[in-house]
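Whenever a hint applies, use it, and build me the whole structure from the sequences.
Read off the chains here:
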Amino acid sequence: MKRLSLLLVMLLLAALALVACQPTGGTNAPVEEAPVEEAPVDEAAPTDEAPPAEEDMGAMECTDAIGCVEIAAGDPIQIASALVISGPNADLGLDSQHGVEIALSRRGDVLGHSVELIAEDDGCNAEGGQTAGNKIVANPQIVGAIATSCSGAGVPMAQIISDAGYVMISPSNTSPALTDPAQAFKPGYLRTAHNDLIQGAAMADYAYDVLGVTKAAAIHDGDPYTEGLAKAFSDAFEAKGGEMVAFEAEAADATNVEPLLTTVAAAGPEFLYYPVFIPLGSLITNTAKNISGLEDVYLAAADGVQSPSFLENTVDTSEGMFVSGPDLAFSNTFYQDEFLPMYMEMFGTEPTAPFHAHAYDATMMLLNAIETVAQQDADGNLLIGRQALRDALYATSGYEGITGTLTCDEFGDCADPKISVSEVQGGEFVRVWP
Amino acid sequence: MTTSQRLRTIDWIGVALWVFRAVIIILVIVGTVRKLFFGAGTQYTASDWIDFVVSGLSQGGLYALIALGYTMVYGVLFMINFAHGEFFMSGAMTSTVLVAGTLSRSGFMDEQPVIYLVLVTFAAVLTSMGVALLTERVAYRPLRRAPRLVPLITAIGASFFWQYLFRGLFGGDLKPFPVPAILDGRVTILGLEFLKTRVVVFAVSIVALLGLYLFVQRTKTGRAIRAVAEDKDVATLMGVDVDRTIATTFAVGAAMAGIAAVLWVLVFKQANFFMGFVPGIKAFTAAVLGGIGSIPGAALGGLFLGVIEAVGPPLFLEGLGLPGAHQLKDVIAFLLLVLVLIFRPQGIIGERLAEKKA
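Residue numbers (our numbering), protein chains in the order written: chain V, 1 to 434; chain Z, 1 to 358.
Please keep in mind that the hints were generated in silico from the structure rather than gathered at the bench.
Accuracy of the hints is not assured; some may be wrong.
What the hints assert, rightly or not - Facing chain V, a subset of chain Z residues (Cβ under 10 Å, in silico):
(1) 16
(2) 169
(3) 173
(4) 309
Said to hold, decoys possible - Covered stretches of chain V, as calculated for chain Z (at least 3 residues, CB under 8 Å):
(5) 83-95
(6) 246-255
(7) 261-273
(8) 281-294
Everything numeric in this text was worked out from a predicted model, so none of it was measured.
Using N, Cα and C, we set each Cβ at its ideal position, and we do this for glycine too.
Below you can see the structure in the form of structure tokens.
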């Protein structure tokens, strides 16, 4: 009997191994199974929640295909956020959440209702995104969400939000998979952050054209954001005529990265791109200069590490490395003259990550769309159709936000993407390109 | 005997287990051969291979130091102390945030790097020991007569408690550990270049391992620990204070974890409240690998695990043509754990699992 159970354990292991060995390119693969079981809310479900609308609102009736949110006079409009607000990547999510809060405080009441923010944590991983998504759709009063910080959390959450008929706008998901209908895109998902196809190409331009390197290596940690960006970079770099000598992966919670970097060094790159998050990013940065063969290699990372916490953890070692990210040299004066002072005043700190303005724009877009589609009766009760809200958001066109002129396409890419490259000089990010 | 009778006498499960073993061994051999003789994947020079081994040995030394705590506590209490990773974390966090942070800001680190390292080590060892003694007194001692599953669950609870206590005390972000300039760069030993931190880590772990071995084998306290491990009741009859001895065992194991914590932050230059989890699990694997309950076993298991994690991916995983081989090093570690548990539960050293311990 004991041996039989051993055999079963091994079969289970074999099954796990097979699952793990599936091609990692399609980030949609693991996504499709999990959330579907979790959220048995099908097309019909949201309309089940609608009946109470008819009871206390005689005049307005919900005719929306996927249901409505009704807000009684005097009640707040509830919107949610699910950003990474704890753990080593909290700088990223809190910064975006501050952007949301500034937008809410500037906007004040919408149609005579105050706006209440329900803040969840996306944990910067798939489990966190799943949990936060389920919490949000469990509350029928939530109109929409500003979520998520990390693409890895965004993938399962988009499925849950979409199935339940809600909307989410991400200020900082940049993985190409999320707005690719062949991969992880789900109706109801939008973002104000750039698509990493653009960021990867920008870094490739900088490496090939400005630094003049022809051999590059990339490292990712298997997360949709890091893998998507590393892939986008290597595709763009090869398209320009460069050679990718190594395309490696490491676990996000890895500790000893010396063997990995020895492997990379043996391939002889001139430029090493590792668009990962702060813990792994600072480990690689701290270790790279000690690996023989990598002493004179250009190091480069992306917006996932663009934060003071990264610089604190890589004193001296990050000097001279390049980091790509959204270009915060916005053409409007509002950002410098009003937004930043307000940020400083409300939170007592400089922005800690590059996506606060994107979060501000995302929040404003959501509130604008609510204002457009909400029906209001004489008493001040509101009725917001969920499909109508989606349609209004996808129809956003020429909206003048902080981050530029936002126009959404049918798959939720709304950004007016401008990427810049910064160099770490004297322990600070200094914009060097374009 | 007819064919059907013969078929019935074959032990199918036994065959399947053999096939499983054979498949793993064949995969490893095929990968290695393809790598070494047919040049699959990246090409490495001899010095690259040395780098892999040295990095693995030094990482393994750290695993070994942490594994000692698991193995010693198992020796006396027959329980897996899953809070041990937090003893390690508490030392690393306290010395990084309170001591290293303060001393480097005041400029003391640059003036007196050696005294700085000594102070940091003291802080880490004392914190780890304090946390361990407190956990033992509050969470484990009251449960000494409880069924064996109970302290195991308590250990997991204690682990969460310490993690989130330290998160509350010091915050959830990454804490940088300032490394004095004297440890930067490389040294040349026997014509080969090594990273200074790696050499220090390896040397200190070996000295600590030997010291602990002598302590347990040669001192009176060590004899008491061995006596309690052998049989608590008889040890009591012989005048050994069992509670005190168990507390000592925790303290000694935690001191090793504290030393490992300082070495860890010297190499990786960062600390976080969650940093105890992965090393804890890896060290547990190492302890089981070597034979839980055995001190030389923990040392050997740790070194072996460190080396195979560093050498395995470039050697046989790349040889098998797997992309991104290095992210699969945890697979090697944990597959090894499963294999050992299935095929050789007594571990490499083969600590006698006497009637009582089994």
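When the structure is checked against the list of hints, which entries are broken? Sort them ascending. When the structure is compared with the hints, only number 2 turns out to be violated.
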